[in-house]
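Number of protein chains: 2
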Amino acid sequence: MKMNSLNEIAQYLKNTDNSVILTHRYPDGDTLGSAFALCRALRKLGKKSRVIVNGVLTGKFQYLAKNMDEQNFEYETVIAVDIASTSQLGELEEEFGGKVDVSVDHHGMNMPFAKMTYVNAKAAANTENIYYLIKLLGVEIDRDIADCIYTGLCTDTGCFKFSNVTSDTMRIAADLMDIGCDSALINRVMFDTKSLSRIKIERAVLETLTLHCDNKIAVINTTMAMEKETGAEDSDMDGLAAIPRQIEGVVIGITIKEKGENHFRISVRTVDDYDAAEICKNFGGGGHHAAGGCSIDGTLDEAKSKILEAAERELRK
Amino acid sequence: MKMNSLNEIAQYLKNTDNSVILTHRYPDGDTLGSAFALCRALRKLGKKSRVIVNGVLTGKFQYLAKNMDEQNFEYETVIAVDIASTSQLGELEEEFGGKVDVSVDHHGMNMPFAKMTYVNAKAAANTENIYYLIKLLGVEIDRDIADCIYTGLCTDTGCFKFSNVTSDTMRIAADLMDIGCDSALINRVMFDTKSLSRIKIERAVLETLTLHCDNKIAVINTTMAMEKETGAEDSDMDGLAAIPRQIEGVVIGITIKEKGENHFRISVRTVDDYDAAEICKNFGGGGHHAAGGCSIDGTLDEAKSKILEAAERELRK
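Protein chains in written order, with the numbering used here: chain A, 78 to 394; chain B, 78 to 394.
Don't take every hint at face value.
Identical copies look the same in the list; a pair holds intra-copy or inter-copy alike.
[Claimed, not checked] Think about it this way: if two alpha-carbon atoms lie no more than 25 Å apart in a straight line, the pair counts; the simulated DSS-like pairs of lysine-lysine are:
id	residue 1	residue 2
1	381	271
2	305	199
3	121	336
4	277	381
5	125	358
6	137	293
7	271	293
8	336	91
9	305	91
10	277	383
11	277	91
12	137	358
These are computed hints drawn from the structure, not numbers from a lab.
Turn these sequences into a full structure, and let the hints steer you where they fit.
Here's what the structure looks like:
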């Protein structure tokens with residue numbers, strides 16, 4: 078369990094084979110983009126590698142895996158990408174919990190769990206780290222790899238909008254565009270395409286909007302009934318969490334999603350000095366400074382008052 | 078009326094003084110960012126220069142002019158930025174119509190009207206051209222100029238999302254971030270801040286949504302009554318035009334805004350091979366391939382059926 082340089086990790090990967098690459102639960106564009114980019118790079122080195130998607134590879138992410146044949150082999154090397162702690166392994170924890178060889182991550186709150194760990198919290202997306210890792214592996218980045226890396230960049234930054242973006246993020250994106258990555262199409266799919274169900278559920282959640290603490294905290298929620306009525310699928314629910322913080326003057330935006338009976342998944346988004354991860358840590362969650370998540374059990378009212386209480390504490394800090 | 082190189086324009090500007098810089102009517106982030114960036118640069122050369130805002134400098138754009146003192150002088154040089162034709166001068170046409178010395182623009186459909194004209198239609202934003210012009214003027218880009226240039230980049234690209242973005246756009250943005258431009262704050266103000274009135278009018282326009290031609294064309298509209306009811310101001314109306322095209326499967330998105338009695342301003346957004354500017358040219362408007370605008374007089378139903386007819390023609394082409 079020691080921290081390593083990216084170069085040490087590259088040298089290690091050059092000397093190993095038969096790897097599986099794990100993504101975090103509720104996989105997003107950055108963990109998936111990291112995994113498929115690295116998998117493609119290792120295959121270009123003649124190695125066997127496959128991605129283990131921690132959940133479902135939803136339709137809009139299918140292109141990450143395009144033209145990749147299935148590879149069946151007994152794994153020798155386990156790689157974790159964009160995973161801050163073993164709890165984020167979810168259902169994969171049982172099989173892989175103590176067996177991770179290499180972890181490449183960008184979460185400041187990373188709790189090392191692998192034999193070798195590289196964390197660069199300045200990277201807006203973990204695919205920034207993967208971009209440099211692939212360069213150290215000596216693999217030429219092709220269009221398919223570029224698409225995977227770009228996917229992480231744009232999805233973890235709200236399309237280069239959030240405060241985590243650095244000039245490095247922009248220059249990597251520029252390189253990927255020169256290689257021919259399909260940035261415009263990826264952006265359209267990720268940010269500019271809404272199903273009718275999505276539009277309906279947006280309208281429905283706006284009806285639940287409440288404002289607190291002099292309009293500095295905004296809360297919206299979804300229910301399973303709402304999802305059923307609007308026909309919204311998981312992919313329609315992505316990004317709803319950005320809505321409450323968008324309201325003028327709001328510094329903490331909270332989204333409460335009913336995921337099961339008396340079980341709620343909560344997303345917190347903050348601006349300025351307010352720390353989303355701190356708020357979520359109260360309930361065993363975590364995340365980044367400006368975006369965090371946690372789960373709370375109880376009724377909707379209970380979940381809402383608990384998270385509101387924690388948010389108000391952060392507001393007054 | 079001839080086309081010039083950017084270098085010729087830089088040399089001309091070095092040898093002139095007392096300039097006014099004109100923006101296009103309904104001024105947006107790109108024309109304003111172009112004007113204030115160039116004005117600041119000319120002042121750094123010791124010249125007198127002022128921006129003539131073609132309309133109102135709304136609250137969210139105030140920072141473009143921060144720390145700039147008023148300069149009163151008789152103008153000798155007239156510069157137009159991000160203006161494709163004299164009709165876009167609007168109310169400024171009467172005074173400046175035949176007097177424009179220099180035009181720097183990025184519209185492919187530019188109809189030259191100035192003594193010297195530089196058009197680079199590959200630039201996603203006109204501030205890309207201004208960035209290179211300022212370099213040719215030998216002026217060091219400071220934070221304030223960087224903020225102005227960045228504003229054009231992000232507003233004309235939907236925050237680096239649209240298909241007009243090039244690797245050049247990204248690298249210029251990276252340079253501006255290294256200079257210290259306040260990109261995260263600008264993005265938040267431009268893209269992540271909605272007034273409560275905005276949220277209300279979004280809900281209201283979604284109620285007007287209609288789909289046509291096998292769900293390939295979507296239309297929304299606003300009325301003056303809607304604006305009054307929701308308390309929406311002009312700034313709340315910006316970006317509504319992006320909504321209809323976002324719906325899955327829609328390739329032409331149309332937004333009809335009632336601007337006066339029997340007078341409608343229409344925005345068209347397209348994807349793939351469909352040309353928004355072509356659709357709008359039917360009604361004396363224009364724009365880019367993926368985004369165009371025009372005005373139609375008549376009742377709402379008449380305006381809607383006219384623009385729909387033109388859109389259907391483009392769809393079948």
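Alpha-carbon proximity between residue 121 and residue 336, which holds within one copy, between copies, both or neither at 25 Å: neither (40 Å within a copy, 58 Å between copies)
Alpha-carbon proximity context of residue 277 and residue 91, limit 25 Å: neither (49 Å within a copy, 56 Å between copies)
Within, between, both or neither: residue 137, residue 293 at alpha-carbon 25 Å: between (34 Å within a copy, 19 Å between copies)
Status of residue 358 relative to residue 125 across identical chains (alpha carbons, at most 25 Å): neither (38 Å within a copy, 56 Å between copies)
25 Å Cα threshold - placement of residue 293 relative to residue 271: between (28 Å within a copy, 14 Å between copies)
Up to 25 Å CA-CA - residue 91 versus residue 305, copy category: Neither, since 48 Å and 65 Å both go past 25 Å.
Status of residue 381 relative to residue 277 across identical chains (alpha carbons, at most 25 Å): both (23 Å within a copy, 24 Å between copies)
Same-copy or cross-copy closeness of residue 336 to residue 91 [CA-CA at most 25 Å]: Cα proximity of residue 336 and residue 91: none, with 42 Å in one copy and 64 Å across.
Same-copy or cross-copy closeness of residue 137 to residue 358 [CA-CA at most 25 Å]: neither (31 Å within a copy, 35 Å between copies)
Alpha-carbon proximity between residue 381 and residue 271, which holds within one copy, between copies, both or neither at 25 Å: So residue 381 and residue 271 pass the 25 Å test across copies only (23 Å; inside, 27 Å).
Identical-chain pair category, residue 305 with residue 199, by Cα at 25 Å: This pair counts as neither: shortest intra-copy Cα distance 40 Å, inter-copy 45 Å.
Status of residue 383 relative to residue 277 across identical chains (alpha carbons, at most 25 Å): neither (28 Å within a copy, 28 Å between copies)
Violated hints for the displayed structure, listed by number in ascending order: 2, 3, 5, 8, 9, 10, 11 and 12.
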